[in-house]
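Chains L and A supply the protein sequences, listed in that same order. Our numbering numbers the first residue of the first sequence as 1 and each following residue consecutively. Our numbering numbers the first residue of the second sequence as 1 and each following residue consecutively.
Everything labelled a hint here was simulated from the structure, so no lab data went into it. Be careful, since some hints might not be right.
To be verified - Sample of chain L residues lacking proximity to chain A, with all beta carbon distances greater than 10 angstroms (derived):
#1 Q18
#2 T20
#3 L21
#4 G28
#5 L43
#6 K57
#7 F64
#8 S65
#9 F69
#10 L88
#11 L90
#12 S107
To be verified - Okay, the calculated beta carbon distance ranges per label pair:
#13 A:E15 / L:T14: 42 to 48 angstroms
#14 L:T7 / A:E10: 28 to 34 angstroms
#15 L:S65 / A:S28: 27 to 33 angstroms
Backbone N, C-alpha and C fix where the C-beta goes; we use that ideal spot for every residue, glycine too.
Residue strings, one per chain:
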Amino acid sequence: KAGVTQTPRYLIKTRGQQVTLSCSPISGHRSVSWYQQTPGQGLQFLFEYFSETQRNKGNFPGRFSGRQFSNSRSEMNVSTLELGDSALYLCASSLEPWPNYGYTFGSGTRLTVV
Amino acid sequence: AQTVTQSQPEMSVQEAETVTLSCTYDTSESNYYLFWYKQPPSRQMILVIRQEAYKQQNATENRFSVNFQKAAKSFSLKISDSQLGDTAMYFCAFMSSRGETSGSRLTFGEGTQLTVNP
Chain L
1 KAGVTQTPRY LIKTRGQQVT LSCSPISGHR SVSWYQQTPG QGLQFLFEYF
51 SETQRNKGNF PGRFSGRQFS NSRSEMNVST LELGDSALYL CASSLEPWPN
101 YGYTFGSGTR LTVV
Chain A
1 AQTVTQSQPE MSVQEAETVT LSCTYDTSES NYYLFWYKQP PSRQMILVIR
51 QEAYKQQNAT ENRFSVNFQK AAKSFSLKIS DSQLGDTAMY FCAFMSSRGE
101 TSGSRLTFGE GTQLTVNP
């Protein structure tokens, strides 16, 4: 059974550009969440999606957006990149959003903004 | 807002020995979920163990067990018979029961880097 797949694994972008990250959840999982991991701020919640609807959003600026497709795959977009957006972006999936028996995480996309 | 605190940034243990990682949290809720995740150098977060707050029995998964003290808001992880493959960053995480209606999210602690020495 394939795990959570995130693409690309590494990405280098220039300040001001925009980027789209992709996440394919485990087959059958309908809930997808995104987290940002940085050395300074640790792990912070970005979004949660279920059945193509955003159920929850973290405390991030509007430059961060996401969506979920009918096949449960999800994308997140960051526009007008800043140096501080450099981070590991982790996607996680679960069968249902609630009750939550624990997320399965992907290996992340390492984004570097230069 | 809930907070999760892991007061041990780094720990080390000899192979085959037992180690306990500490975690405390702050919440006004009576029902919630607690998790321990490990993150090895491969970066993938792996679920180690899960505890539901309304269950008084401590969760156990093979060599991993927790000591859940609800009144003290403490959730420590005990690793028995430590193995080299247990070397990783360990994160304690909290999920509110309000997730059922207002969305689920994990609040993570700062992490504890565990090194198992041969």
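Hints and how they fare:
{"no.": "1", "hint": "Q18", "result": "holds (24 angstroms)"}
{"no.": "2", "hint": "T20", "result": "holds (20 angstroms)"}
{"no.": "3", "hint": "L21", "result": "holds (14 angstroms)"}
{"no.": "4", "hint": "G28", "result": "holds (17 angstroms)"}
{"no.": "5", "hint": "L43", "result": "violated (4 angstroms)"}
{"no.": "6", "hint": "K57", "result": "violated (8 angstroms)"}
{"no.": "7", "hint": "F64", "result": "holds (15 angstroms)"}
{"no.": "8", "hint": "S65", "result": "holds (16 angstroms)"}
{"no.": "9", "hint": "F69", "result": "holds (19 angstroms)"}
{"no.": "10", "hint": "L88", "result": "violated (6 angstroms)"}
{"no.": "11", "hint": "L90", "result": "violated (6 angstroms)"}
{"no.": "12", "hint": "S107", "result": "violated (5 angstroms)"}
{"no.": "13", "hint": "A:E15 / L:T14: 42 to 48 angstroms", "result": "holds (46 angstroms)"}
{"no.": "14", "hint": "L:T7 / A:E10: 28 to 34 angstroms", "result": "holds (33 angstroms)"}
{"no.": "15", "hint": "L:S65 / A:S28: 27 to 33 angstroms", "result": "holds (31 angstroms)"}
The structure fails hints 5, 6, 10, 11 and 12 (numbered hints given earlier, in ascending order).
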